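Could you slot chain B onto chain A? The hints should help.
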Amino acid sequence: MTGDPPGKVMVVTGATRGIGRAAALRLAGDGARIVATGRDREAGAETLRLIEAAGGSGVFVAQDVAVEADWTRVMDTAEALGPLAGLVNNAGLFFVKPIEETSEADFDRIHAVNVEGTFLGIKHAFRAFARGERGGAIVNVSSLMGRVGYPGATAYCATKGAVSGMTKAAALDGAGMTPRVRVNALHPGVIWTEMITGQFGDSPELAAAFAADTPLRMVGRPEHMADAIAFLIGEESAFMTGAELTVDGGRGAD
Amino acid sequence: MGAAIAGDDGELAGRCAIVTGASRGVGLAAARRLAAAGALVVLTGRDAAAGAAAEGAIRDCGGQARFVAADQGDDGDWTRVISEAEATFGRVDVVVLNAGVSEMAATADLSLDDFRRVCRINLKGPFLGLKHGVEAIRRGGRGGSVVMIASIAGRIGVADHIHYTASKAGVAMLAKAAALELGPEHIRVNTIYPGFVRTDMTARFDEDMKTAAPLGRVAEPGEIADAVLFLAGDRSTFMTGAEMVIDGGWTAR
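Chains as they are written, first to last, in the numbering used here: chain A, 1 to 254; chain B, 1 to 253.
Because the hints were derived from the structure by calculation, they are not lab data.
Treat the numbers as computed from the prediction; the structure is a model and nothing was measured.
A couple of the hints might just be wrong.
[As the list claims (entries may be wrong)] Covered stretches of chain B (chain A as the covering partner; in silico rule of three or more C-beta atoms under 8 Å from a C-beta of chain A):
1) 13 to 27
2) 99 to 108
3) 131 to 140
4) 157 to 166
5) 230 to 240
We put the beta carbon where it would ideally sit given N, CA and C, even for glycine.
Isolated chain B, as found in the complex:
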């Protein structure tokens, strides 16, 4: 996590990357990894204090970062995030749509309000981020990369998580359709499907259950961040609409 900053030599040198939900967990790890590769990183999140700390941590390592307090599911917030990104770094090349919430509920008892709240952040949020992000990438005229952080719940069912599963499977198809639409403009859209990662979000799950993947452990956030870097930059230039599953073998079972 404390990787030295690559600066001008980094594979993302001079490119601006927006990372949502970047104040902790996978988002923070991804923001640090991209910054270490030379990217100019805009971090977003709803927790201003945690976001400021994340921005500071990247700067302390010599990276360039700016935190913007924003809700991924809010259209107006996206307008602000993009204008701050363009004002600060002059361009947008990469958008990592990572922010998400996960809740447990029995389907028959789940209120429409709770269902909607999860889908607003996890599904409408990525749609809005895609829409606003792509408009900014287009203004740059150089193409770009959008990375969706879904979940293995976008591929398999999870009991008592119908809203979470709906949102993650929805994101996966959002990415594929967008990949077809944006391919001619060299804007790539790919999806990462993490299994259980050691984050606050997964803390509520039983340890034995989480480590039931063939590799016998959960992922560290940095292992997802490595994949984000791969999809963000020039090592994946022929990949779009693709699914990168990083689950310790969970869905191979």
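Chain A with its partners taken away, still in its complex shape:
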């Protein structure tokens, strides 16, 4: 990449594993300079190593998306590289628990990360985009469970519904900015990551069971989501805002 003009600056939250790491790698491969964030410093360093091994460039910033002060640090780091061009609001928590066992503290924690964290990302990205005066794009990683219910995931579904709602409100707000900012949502189906295996277990039998329950007869890989995120954050989707892209092997159509 030596000699090329410096790439666009993009922040990817939850880039320490799963969809976030794949998105960071993909966007770096497309030439973006990545600010990868997450709570796990070791895993963040590994994401950075993978980016650099593939010839890309980026930095890691330890961040809890639910903490507003952390967002200030992330944007300071990003803008030191150049004007912010994109944000992938990917970090999220997932748990399955019956309603009666879901405590107020459980609800508060998943709300803090999935809803407040996404809001804070939008807010601070809007401010950075306004400073950069070049517009930009935000991709909020929601879930198929932000579109259809899942028994036992009531709190999670509520938070992802909220992400879809924020996407549309923020799309209208971003459309009113000069230059304009686009905001779209991605609804992943069952993607084989630690978020899924941590809750349900990690076995070929389980993956096969999910695949059998999906019209395309496969489970998704983080790279499938990275492709969709690259599309939504890039110029190919220049006429899209407030949209919800479902990438789920057909589960939501079933």
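Then chain B, alone, in the frame of chain A:
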């Protein structure tokens, strides 16, 4: 609004319905409608004086009502509301989660505290109401109905309302997930999405904007209350996880 009370003949005769945010607006209209259909109504709200007046108005029409001062977003308040409902009327059959707040703010200037305050009442509140309400409905062993009052902002974006939109879209999914979980116990969970209704909450919006719906007017609170009655009782027994949009055609545009 002054409908005669149906008493023992009403379609909700003998059933207990909790209605949050019942001291005014849509909540009050719903409480009156349910009481008129024979329900034993527990009204909740944060304004004790307005709540007492609402309770009195229902009683004056011959209905059975009890107001409990409570904040929809407070877990401890819910424990109290349920125990008062069960102590007064012996059971809980219907929970109408109506209380909500709406505020306007530019996204880039919205403080986390303000965001959280709106979501606490509008999203965490319905979660807590669902959780406590369902436990009470289960004790009755007869199934029941939970009605969420969302908003068309749960389906479409509203500029400068990211917190309100988050909370209402969140409620919509809360209802769908809960419907799947509770279906086997015959506890139904449905969502009403009102457009602009003539209430204190919508007073700050421009009249021309509010009446831009194809029907050319705003809704009266009673028109939402009719839908609450429909979803609360036995006319909707095959409906769960459903979305009832009552917006004068707003979202069809």
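Status of each hint after checking the structure:
1. Counting residues of the region 13 to 27 of chain B whose C-beta lies closer than 8 Å to any C-beta of chain A gives 0; at least three are required, and the coverage claim is violated.
2. Three residues within the 8 Å Cβ limit are the bar, and the region 99 to 108 of chain B against chain A gives 3, so the coverage statement holds.
3. Remark: the region 131 to 140 of chain B is confirmed as covered by chain A, as 3 of its residues place a Cβ nearer than 8 Å to a Cβ of that chain, reaching the required three.
4. Coverage of a stretch by a chain is defined here by at least three residues with a beta carbon nearer than 8 Å to that chain's beta carbons; for the region 157 to 166 of chain B and chain A the count is 10, and the condition holds.
5. Check on the region 230 to 240 of chain B: 0 of its residues sit with their Cβ under 8 Å from a Cβ of chain A, so the three-residue criterion for coverage is violated.
Comparing the model with each earlier hint shows violations of hints 1, 5; every other hint is respected.
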